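Same order as they appear, the protein sequences are chains G and F. Count along the first sequence from 1, add 119, and you get the number used in our numbering. Count along the second sequence from 1, add 135, and you get the number used in our numbering.
In case anyone wonders, no lab produced these hints; they're calculated from the structure. Mixed in with the good hints there might be a few duds.
Unchecked claim - If you want a taste of the chain G side facing chain F, the calculated C-beta under 10 Å gives, among others:
1) Arg134
2) Asn206
3) Gly208
Stated by the list, open to error - Listed below are the simulated DSSO-like cross-link pairs for lysine-lysine, each with C-alpha atoms no more than 27 Å apart in a straight line:
4) F:Lys508 x F:Lys466
5) G:Lys238 x F:Lys486
6) F:Lys486 x G:Lys237
7) G:Lys214 x F:Lys486
8) F:Lys533 x F:Lys501
9) G:Lys214 x F:Lys533
Said to hold, decoys possible - A few chain F positions that, by computed beta-carbon distances, are all more than 12 Å from chain G:
10) Lys201
11) Tyr222
12) Ile228
13) Leu249
14) Leu253
15) Gly267
16) Asp283
17) Gly291
18) Ala303
19) Ala345
20) Phe378
21) Thr385
22) Asp430
23) Ser497
24) Thr590
Because the structure is a prediction, the values reported are computed rather than measured. For glycine and all other residues, C-beta sits at the position ideal for the given N, C-alpha and C.
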Amino acid sequence: MKKTIARILLVEDDRILRRAVETTLRRHGFNVVAADDGEKALRLAKTEVPRLVLLDLIIPKVQGFEVLRRLKQNPKTASIPVLILSNLGQESDVKQAMDLGAVDYLVKANLSLDQLVKKVGELLKGGED
Amino acid sequence: MQALKQPDSGGGHPGVAVARSKWRRIFYLLTAFNIVTVSGALYLTYQVLTLYRQEELAPTAGAIEKSGYLVAALAVFTICGVMVYGYNLRKKIDADEREKEKYFRALIETEGRLKNILDSTYDGVMLVAPGGKIEVANERAGELLAFDPRAVPRLGLADLLAGQFSAAVDYHRVLSEFQALLKHPEQEQEGEFEIGTPGLRTLHWAGRPAKGPGGEFWGFTLTFRDVTKERQVDRMKTEFVSFATHQLRTPLAGIKWLLELAAEAPDLSEEMGSYIQDARASTERLIALVNDLLDVSRLESGRIQVEPQEIRLGELTREVIEELSLLIQEKGHELSTSGGSESPPVLTDPKLLREVLVNLISNAIKYTPQGGKISIRMARQDASLRWEIQDNGIGIPKEIQQRLFEKFVRAENAQTLETEGTGLGLYLARALIERLGGGIGFESQEGKGSRFYFTLPLEKLAERRDYEKNHRANLAGRG
Numbered sequence: 120m121k122k123t124i125a126r127i128l129l130v131e132d133d134r135i136l137r138r139a140v141e142t143t144l145r146r147h148g149f150n151v152v153a154a155d156d157g158e159k160a161l162r163l164a165k166t167e168v169p170r171l172v173l174l175d176l177i178i179p180k181v182q183g184f185e186v187l188r189r190l191k192q193n194p195k196t197a198s199i200p201v202l203i204l205s206n207l208g209q210e211s212d213v214k215q216a217m218d219l220g221a222v223d224y225l226v227k228a229n230l231s232l233d234q235l236v237k238k239v240g241e242l243l244k245g246g247e248d
Numbered sequence: 136m137q138a139l140k141q142p143d144s145g146g147g148h149p150g151v152a153v154a155r156s157k158w159r160r161i162f163y164l165l166t167a168f169n170i171v172t173v174s175g176a177l178y179l180t181y182q183v184l185t186l187y188r189q190e191e192l193a194p195t196a197g198a199i200e201k202s203g204y205l206v207a208a209l210a211v212f213t214i215c216g217v218m219v220y221g222y223n224l225r226k227k228i229d230a231d232e233r234e235k236e237k238y239f240r241a242l243i244e245t246e247g248r249l250k251n252i253l254d255s256t257y258d259g260v261m262l263v264a265p266g267g268k269i270e271v272a273n274e275r276a277g278e279l280l281a282f283d284p285r286a287v288p289r290l291g292l293a294d295l296l297a298g299q300f301s302a303a304v305d306y307h308r309v310l311s312e313f314q315a316l317l318k319h320p321e322q323e324q325e326g327e328f329e330i331g332t333p334g335l336r337t338l339h340w341a342g343r344p345a346k347g348p349g350g351e352f353w354g355f356t357l358t359f360r361d362v363t364k365e366r367q368v369d370r371m372k373t374e375f376v377s378f379a380t381h382q383l384r385t386p387l388a389g390i391k392w393l394l395e396l397a398a399e400a401p402d403l404s405e406e407m408g409s410y411i412q413d414a415r416a417s418t419e420r421l422i423a424l425v426n427d428l429l430d431v432s433r434l435e436s437g438r439i440q441v442e443p444q445e446i447r448l449g450e451l452t453r454e455v456i457e458e459l460s461l462l463i464q465e466k467g468h469e470l471s472t473s474g475g476s477e478s479p480p481v482l483t484d485p486k487l488l489r490e491v492l493v494n495l496i497s498n499a500i501k502y503t504p505q506g507g508k509i510s511i512r513m514a515r516q517d518a519s520l521r522w523e524i525q526d527n528g529i530g531i532p533k534e535i536q537q538r539l540f541e542k543f544v545r546a547e548n549a550q551t552l553e554t555e556g557t558g559l560g561l562y563l564a565r566a567l568i569e570r571l572g573g574g575i576g577f578e579s580q581e582g583k584g585s586r587f588y589f590t591l592p593l594e595k596l597a598e599r600r601d602y603e604k605n606h607r608a609n610l611a612g613r614g
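Next up, chain F with everything else stripped away, as it sits in the complex:
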C-alpha cells in the first residue's frame, strides 16, 4: 500500500511547531543573557579605567588586584551561567528529541495500523484525486481488479479503465459510468459490473466524495465489493419463485376450472351450488396470493420491465372503476372523479399503473362501510401529476401507519372488516410507483377515513427512455 499522506502538508504537525517555538525561546534567552554579561563586563572595565585616569596614577598593585578579582569573578559567573544554561538546554533538547521520536514512532505505528486495517478489509478501497490519479489503494482492490497496488503512485483510474476494466462484461456501459463518476466526483454514485478475471465475478462499486478536516474536497473513495455469491442467490431465488409459481398455478387452475364446470352442472342443488361458489372464491384468493408473491419476487429482483407509453390517467382510472363497478354497487358507495380530463398526459407503464389503481381503489371500496363516499382527484402539481383517493372509511390506526407499506402488514381493523387480503397490496403499490419514478403516501384518521395519493413525474419523453435504457443495461450487466 502506498503511504497515507495528507494532500495538504503546508502547516505540518502542530507538535513540530511547539518544539520549534521552544528552541526559539531558548535562543533568545541565551542571547539576552550574553548581552547582559558582556555589557556588565564592559561597564566594569570602564569603571576601572576611569579610576586610573582620575587618580593619574600608575596602576597600583591593589587596583590591579581588585580589577583582576572583578574580571575573574565575572568570568566565573559567566562560565557558571553558560554551563547552567547549557545543561538546561541539553536537557530540553533531549526531552524534545525524545518527544519527537515518540511522536514519529506513534505516527508510524498509526500509519502501519491503518495500512493493516485497510489491507485486511473485505472491500477493495481506493482514494482517487479529483483528476483521477489513484492516491491510495489497498491490497484487496488490487486483488479484485487484478493490478499491483504498489504501482499506485504511477496509476490513474483511466489506466485501470483502459486496462483491467476492459475485461468487464458490457465494458462500454462500465466505462461511461466511471466517466460520469470522474466528471461529478462530488456526487455519490454506485453500480455493478461483471469482470472475468479470474472466473466471472460480480463487483459492486460505490464512489463517495472524500473531504479533508477543513471540509476541503480531496477527491473520492471508491470501494469495490465482490457480490458474486449474493447475485447467484438472487438468481436462484427468482428461478425458484418462478418454478414454484408454475407448480402452484397448475393444480390451482385445475381446481378453478373443474369447479367452474361443476357450477354449470344442470341438476345442482342450491346448497351444493353455494359450496361450489365458496370453493371458487377461496381458489381465486389463493391464485391472487400466488400472483402477488410472484410480483413481489419479480419486483425485488428488479425483473419487472417498464414499458412507458403516453397515457391519460383519467382514462385509465375510468377503466379501473368500470372493472370494479360490481364491487362498488354491492357496497352502495358513491364514487366521484374530478380533474381527469384536464390533467396532462403522462409517460408511464399502463400495465403497472393499472395494478396500483386497482389496489388503491379496491382498498377504498373494501375498507369503507356500506354507502360510503369515495372521491378521486387528479391534478398537476409542479413537475408531477398527483392522483388521490379520499374515502370516509374505517381509516388506519395510528400505531400501524408507519409500517403500512411494509410486506405482510395489515391493520387490525382491516382484518376484522375483511378477512381476505394478503398484506402485499400496498407494498406492491409503493414498489411499482417507485419503479415508475413517482412517490406514494397517505393521510388517515381512524374511524374518519383515509386519503391515499401518488405522484408521477411529467418528464420529457427522451429522458424517460434514457432512464429505461440505463436500467435495462444495468440488469443486463447483472445477468
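Bound-form chain G, shown alone:
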C-alpha cells in the first residue's frame, strides 16, 4: 500500500476519543498532531499547516464553530479541508458548519473508526488532484 505521510490536525478535548482516533490514524500511516482546545488548534493550524483538520465542536477556550470561522478567514489556512467530528447532530448545527465551509459533518457515535479512515482517505485523495 502506498502511503503518503499526510499531516492531520485532530482537535478533540475528550482524552479517550482523541486516543482512539490518533491510534487508528497512525496505524494507517498518517502523521497526526492533536489539540485539546480551540486556542491550541488555531496555533497548530498555522505552524504545522496540516493537510486536513478533524474538528470537534464543543471544545474549551475557543469553540469549534469559531475555530472553523477563523481557519476559513485566514488566507494561510483557508484552503485546508475541515471535517467536523461532533456529537451534536441537529440540522442547525450541520447547516452552520457547512455554511462556514466545512467539507463534511459526521456524528462520532454513529461513525466507526473504519469509516473514518475511509473518509479521511477520500478527502486527502481529493486534495491531491
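Given chain G's structure and the hints, the job is docking chain F onto it.
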C-alpha cells in the same frame, strides 16, 4: 364587557309573547261583555217604549217605576260586572308585571353571571361578526392584547390588527393568518405569535365558527391563550435533550471506538473476541436508543426540518433493501418488490423517508421467522402514492393493535422473538410520515403476518414549497 346581545332580535322572548296574548284576551272579553250589556239595555228600553205606545197611555207611575227598577238593576249589574272584571284585570296585570319583572331580573342576573364567568376565564375570548366587527370581548382579551374591552362597540378586528398586533414578532405572517381567518371564518383555524406588550409573550389563538340556535352563522369566536411558559418549557426540554444526547454520545463513542480497536488486536483469543463482539452489539443498541430519543424529541418539538426533493420511491426502497441485505440473507427471507419503476416521482424528504423505510423493512425482516416471504408493492392511489410491505411473520396480537404506534409500545410476541428494540420505531415512522403530509397504517393477524402501508401525497411542487415555507415561518414565530 359589552352587553351580550342576540344578533337576531325579531321574535323577542317567548315569555313576552305569552303576556301579550293574555292582554289581548282580556280586552276581547271586556268588549264582548260591554256589547252584551249595552244591547240588553237597548232591548229593554225598546220594550218599555213599545209598551207605552201600545197602551197609548201617558206613562203611569207604575210603568215608570218598573222601567226605573229595570234600568237601575241593569246599571248595578253592569257596574258590578265591570268592577269584578276590573278587579280580575288588575290582578292579572299585577301577576303579569311580577312575572315580567322576575323574568327580566333573571335575565339580568344570567347576563351578569355570564359576564362574570367570561371575564374570569384564563383565556381571552371574543365574538367577531362575519365582517370583522368585534361584538363581545372579555377583560382577559383586553389584557392580553392591550386594548380596552369597553371600546368594543366601535372596534373591528382590523383595528386590532393595525394597532395592537403591529407589535407582534413576524407581524406580516400574523396579519396574513388573521386575514385568512376573516376570509374563511367558517373554518376552524389556529396559530401562535409572539407579542411584545408588556414583555415578550407567546399567544396561541384559535378561531371557531359560532352558530345561533337555528344553526345560522353568527361569526366566530376567537380565543387567545398565553402559552409563554409552555413554550419556555418546550425550549428547555429540547435544549436539555440536545445537551444530554451530546453528553451520552461522547462516552458511547469512546466505548465503541476502543472496542473496535480491541477487536483488531492481533493475539485475541476466540472467547475474548466473542465478548468484544457482544459488547459492540450492546453499544450499538445503546447508541441507536439515544438517536431514537433525540429524533423523538426533535419531532415533538417540531424542529425536524423537511427538505423536499423529487425522488423515486422505487429507487429509495432498493437502496434501503441493499443496506439491509445482510440481515435478509441471515434470515433466509425471500423479498420481492413491484411497482417501483412505474410509480410517479414524489416530492418528499429522502432522509426522513429513508428512516421510515428502514424501520418498516427491518421490522418485517425481524418479525418474520427464518425463510419467510416479504413483498413490497408501490402503486398510485388517487392523488397519493401508496407503499406497502407484506410479510408472513408473527403478526400483531389484537389487543396491542390499537396502541401499536404509541411510544414505547412493543407487542409481547415481538419481545419474545427479538429482545432488541426500543418501542420507538413505529412511533417515529408515523410521526415522520405525518410530518411529510402522508398517512400510515397496518392490517395484521397474529401468527399469519402483517401488512404495513403508508401513502404520500402527489401534490404540486409549488404547493409543497409553500407549505414548508409556512411551517418554517410558524416555527420562527415560536422562536
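Verification of the hints:
no., hint, in the structure
1, Arg134, "9 Å, holds"
2, Asn206, "4 Å, holds"
3, Gly208, "7 Å, holds"
4, F:Lys508 x F:Lys466, "11 Å, holds"
5, G:Lys238 x F:Lys486, "20 Å, holds"
6, F:Lys486 x G:Lys237, "22 Å, holds"
7, G:Lys214 x F:Lys486, "15 Å, holds"
8, F:Lys533 x F:Lys501, "19 Å, holds"
9, G:Lys214 x F:Lys533, "44 Å, violated"
10, Lys201, "117 Å, holds"
11, Tyr222, "88 Å, holds"
12, Ile228, "78 Å, holds"
13, Leu249, "48 Å, holds"
14, Leu253, "42 Å, holds"
15, Gly267, "39 Å, holds"
16, Asp283, "42 Å, holds"
17, Gly291, "40 Å, holds"
18, Ala303, "24 Å, holds"
19, Ala345, "41 Å, holds"
20, Phe378, "9 Å, violated"
21, Thr385, "5 Å, violated"
22, Asp430, "10 Å, violated"
23, Ser497, "16 Å, holds"
24, Thr590, "25 Å, holds"
Going down the numbered hints, you'll see the structure goes against 9, 20, 21, 22, while the others check out.
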